[in-house]
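Trainee: Protein sequence lines correspond, in order, to chains A and B.
Per our numbering: the first sequence = residues 3 to 107.
Per our numbering: the second sequence = residues 8 to 427.
Treat the hints with care, since some could be wrong.
Straight line, CA to CA, 27 Å or less: simulated DSS-like cross-link-like pairs of lysine-lysine [unchecked claim]: (1) A:Lys62 - A:Lys73; (2) B:Lys93 - B:Lys44; (3) B:Lys44 - B:Lys271; (4) B:Lys192 - A:Lys62; (5) B:Lys240 - A:Lys73; (6) B:Lys10 - B:Lys289; (7) B:Lys240 - B:Lys148; (8) B:Lys350 - A:Lys73; (9) B:Lys239 - A:Lys80; (10) B:Lys289 - A:Lys102; (11) B:Lys271 - A:Lys73; (12) B:Lys192 - B:Lys350.
FYI, nobody ran anything at the bench for these hints, they're computed from the structure.
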Amino acid sequence: MSTITLAGKDVARTDDGFFEDPSQWTEDMVPELAKAEGIEQLTDRHWVVIRFMRSEYLTKGTGPSVRALGKSSGVPIKELYELFPKGPAKQAAKIAGIPKPIGCI
Amino acid sequence: MTKRIVILGAGTGGTLTANRLARHAEQAGLEITVIDKDDEHIYQPGLLFVPFGMAEADHLAKSRRQQLHRGVNYIEAGIDHVEVDKNRVVLEDGSSVDYDLLVVASGATLRPEETEGLLGSGWGRDVFTFYNMEGAVGLQKALAAMDHGRLVLNVIDMPIKCPVAPLEFTFLADAFFESRGLRDKVEIVYATPLDGAFTKPEASKHLSHMLDDRRINLVTNFNTGEVDEEAKKLISYDGQEVPYDILVTIPLHGGAAYVGNSPKLGDELDFIPTDPHTLQSKVADNIFVIGDAAGVPASKAGSVAHFEGEVLVPNILAWLAKEPLPESFDGHANCFIETGHHKALLIDFNYETEPLEGHFPGPFGLPLLKDSYLNHLGKLAFQQLYWHLLLPGHDIPMVKAQMPKAGKHILEVKHVKAGK
Chain A
3 MSTITLAGKD VARTDDGFFE DPSQWTEDMV PELAKAEGIE QLTDRHWVVI
53 RFMRSEYLTK GTGPSVRALG KSSGVPIKEL YELFPKGPAK QAAKIAGIPK
103 PIGCI
Chain B
8 MTKRIVILGA GTGGTLTANR LARHAEQAGL EITVIDKDDE HIYQPGLLFV
58 PFGMAEADHL AKSRRQQLHR GVNYIEAGID HVEVDKNRVV LEDGSSVDYD
108 LLVVASGATL RPEETEGLLG SGWGRDVFTF YNMEGAVGLQ KALAAMDHGR
158 LVLNVIDMPI KCPVAPLEFT FLADAFFESR GLRDKVEIVY ATPLDGAFTK
208 PEASKHLSHM LDDRRINLVT NFNTGEVDEE AKKLISYDGQ EVPYDILVTI
258 PLHGGAAYVG NSPKLGDELD FIPTDPHTLQ SKVADNIFVI GDAAGVPASK
308 AGSVAHFEGE VLVPNILAWL AKEPLPESFD GHANCFIETG HHKALLIDFN
358 YETEPLEGHF PGPFGLPLLK DSYLNHLGKL AFQQLYWHLL LPGHDIPMVK
408 AQMPKAGKHI LEVKHVKAGK
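If we strip away everything but chain B, and leave its shape as in the complex, we get (with noise of 0.2 Å):
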């Protein structure tokens, strides 16, 4: 009998999930039918280098579709909401598709509405988001035209897609502004609602430095309350405020709204509530998660689907064949962080490991938690291979979904109780 799993989204995480089941298809019987709004899939580590004329904005994006393996069915339309007790998802047009296996990879979603003031006269004016596409040619122009003032990044809530990238953003403007010979004149500003400039504490000693090295002045524990857009200032909810020239923000992150829509499906913040080691959701057993929309306590980022994706695939398959789950996800992330002059760092961590210094994948590999080319060159490949092996579901070689620990200098591995 044929089993129906449907897959929302067409992201990095559905599409590779598609591409690694229609392998299975004949085999074990899978109608695979992926749905999402449109047809434009967004590199999305690209649009980190948009802004500072680094990558052109229409070099980002390939078709959905095509990415897609040729037996895989694509519906090119917005999700209402899923039905969770009736193994239904009802899109926007009011035609329904149902399910026997469901699989949630529809990413997070910038919810700038959220903030006050974030969306007022500034917005697109002095204040961007380099999290889109449209934010991140606009402030392209914004930079290009700044000579002297205040440029503020600010991160207004975890969780974030690519915690990484905003401190990026900051490498990439002292950069910028000192080969245009600006950098005396432009004072550069990171403000924060963490205590430090990274969520995990070693990582964050090294890049703290970085930040001084640069004359980045960091702001730690800054939670936004407010944006005053007419008189340039973050405000935060116990009174303090940043000014700003050119604001860049991180807007708060939350899953797809049809998820906010659909009864017992999210969390508060539209995420899916998720078991962090087998992917399957704590929702229903026949619904499974990949990438952003899980909730679970890794990483929202491409390498972290990509790693999920090899765990997922082969527990689907054995759900479907009523046998145990047979693959557990560690939370491995492996994150390249461009630090400007053609470097770059590697980081690479766990649920349980923190990033640390070493090598990667081995003890022969690219440089952990140090700035090299190498590190930079590594970064630029990326993008080739994103399309040509991590999408159609193929391994990438020497890169597997558990983290390596060879090559780290481990001193002390400390326990995080991955939530249940």
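Bound-form chain A, shown alone (with noise of 0.2 Å):
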């Protein structure tokens, strides 16, 4: 576990990024953490996953898989790739602030 600074508070995240508690998060995090991720330029479809994520998480308890998110976002996944080329599903959740999705076992 570590802690970092976003938008001027104080976030506790696991060893591989993820956020320890996602009530945490809000919104004008988001720009820092996706810099962190190597996306400079945030562009309204990457907004519409991040708020996608968020929402799955809120209602299901956990972050959709690069498949699920394909089939239900809105956002094909070859799009998904582009927007978060190391991997949407989990690139994403680090920047909307939940857990890594469990999607596999």
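Mind assembling these two chains? They're in different frames, but the hints should get you there.
Mentor: This is how it looks when you write it as structure tokens:
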């Protein structure tokens, strides 16, 4: 576990960079989080995915897999990889301040 | 008053649930009906051995109907959809079956059509899956003829049935080519979307050593976007390529097709949102789910369906009697992993505890996470237990629904949040 400062607040994260407590997340942390993932230019399409991840987590208790994202977010998988090149589910989960998606068992 | 129980699917979960419920039919006033599209019940764990000539295809199938208790009605028909609000199942011929309580046990289906190019010119020629009989038999011929080149195993995405089977396939392929003196001429590659050999960290470490020892190349974080069957290569969404001579694919999985036709029944992959502990669906109080059809964070494996059955039946009976649901499933899974040369290792885990070293089911049992001849015998013996104990709905001696902790080297217990 490690602590970083985002938008002036101390946030606890797991060793692999996911929020320990998703309720600490606020939208103004997103630009900084995205930058750390190598995403300089945040577009509306990024926001569609980030907000979708967030709402899925809040209703289902876990973030969606890439495939579920592609089927239900309105953003096709190919575009998801263009937006989040290092893996849409993981990167978007980090930026949306939610735990690592369980998806794969 | 008679209560109509309708079970969709006569595979592992549906059959054992019907047979367990049948014992209570008279006392609880149950009329039990099972629906499936054909009369062929395949012992799916056996498919892994077919490509290597270690199992005969025609020894793996039996009649679905004959595995059911004689008090159970069997309807051989395709299901078109379920009308959740009307408590009714509509069949493909337009007729319908009403229920008081529905059990969804229709498993997972393969969806190769969802991957671009996969069903192209190479399908059945040099692209196969061993997850169905046709593919397993085709692969047997292809492997028998292979004397050099690249054999690539690719898992397209999770979830899949029996998540260890693809690894077992590479271990068996290593032994197969070694015994034929061809191992130096055949390169074996395991390409997975995961960041390691397996989903669970402790087991993943062990398994990745085993891949190393066998000179099997592990390609991680590979998300297949497309298969180019003319150029014979996998192409990932981020542009990496893996060439092959023979591709063994584990296609995407989804729930049964009728689930997608049924408003309000399934999620985006056609699995049923289900309480991971009670096995009651989140869709309607009178719908319960068992096995691969359930959207729960457990492995899609026969052992899971077996353990779920012991929890599901008392919960169904309690629900019918308007009592609180007494039993809670812990996510217990128990898998033999065939490692080649007549050895296997065993893993045992649940929602909260990873596969650990030790012995199962207690300190003097089968070794966990270590390969041994004893585990291989266990795996072979299981086929008989499956037909004669598990499907008829008997308990298997010593093997309980709840994961045993005795005999395990428990260092830490990680809490995984079971999806709500």
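Trainee: Regarding the pair Lys44 (chain B) and Lys271 (chain B), is the alpha-carbon distance no greater than 27 Å?
Mentor: 22 Å, holds
Trainee: Take a quick look at whether Lys239 (chain B) and Lys80 (chain A) sit within 27 Å of each other, Cα to Cα.
Mentor: 21 Å, holds
Trainee: Within 27 Å, alpha carbon to alpha carbon, are Lys289 (chain B) and Lys102 (chain A)?
Mentor: 23 Å, holds
Trainee: Holds or violated: Lys93 (chain B) and Lys44 (chain B), Cα atoms, limit 27 Å.
Mentor: Within the cut-off at roughly 22 Å; holds.
Trainee: Are the Cα positions of Lys62 (chain A) and Lys73 (chain A) separated by 27 Å at most?
Mentor: Answer holds: Lys62 (chain A) to Lys73 (chain A) is near 16 Å, not above 27 Å.
Trainee: Is the hinted pair Lys271 (chain B) and Lys73 (chain A) satisfied, with a Cα-Cα distance of at most 27 Å?
Mentor: 16 Å, holds
Trainee: Is Lys350 (chain B) within 27 Å of Lys73 (chain A), Cα to Cα?
Mentor: 41 Å, violated
Trainee: Run the distance test for Lys192 (chain B) versus Lys62 (chain A): straight-line Cα separation, threshold 27 Å.
Mentor: 48 Å, violated
Trainee: For Lys10 (chain B) and Lys289 (chain B), compute the direct alpha-carbon distance and say whether it is at most 27 Å.
Mentor: The given pair, whose Cα atoms are some 21 Å apart, holds under the 27 Å limit.
Trainee: Does Lys73 (chain A) sit within 27 Å of Lys240 (chain B), going by the straight-line distance between their CA atoms?
Mentor: 25 Å, holds
Trainee: Holds or violated: are the alpha carbons of Lys240 (chain B) and Lys148 (chain B) at most 27 Å from each other?
Mentor: Since the Cα atoms of Lys240 (chain B) and Lys148 (chain B) sit roughly 21 Å apart, the hinted pair holds (cutoff 27 Å).
Trainee: Sort out whether Lys350 (chain B) lies within 27 Å of Lys192 (chain B), counting only the CA atoms.
Mentor: 24 Å, holds
In this structure, the hints that do not hold are numbers 4, 8, in rising order.
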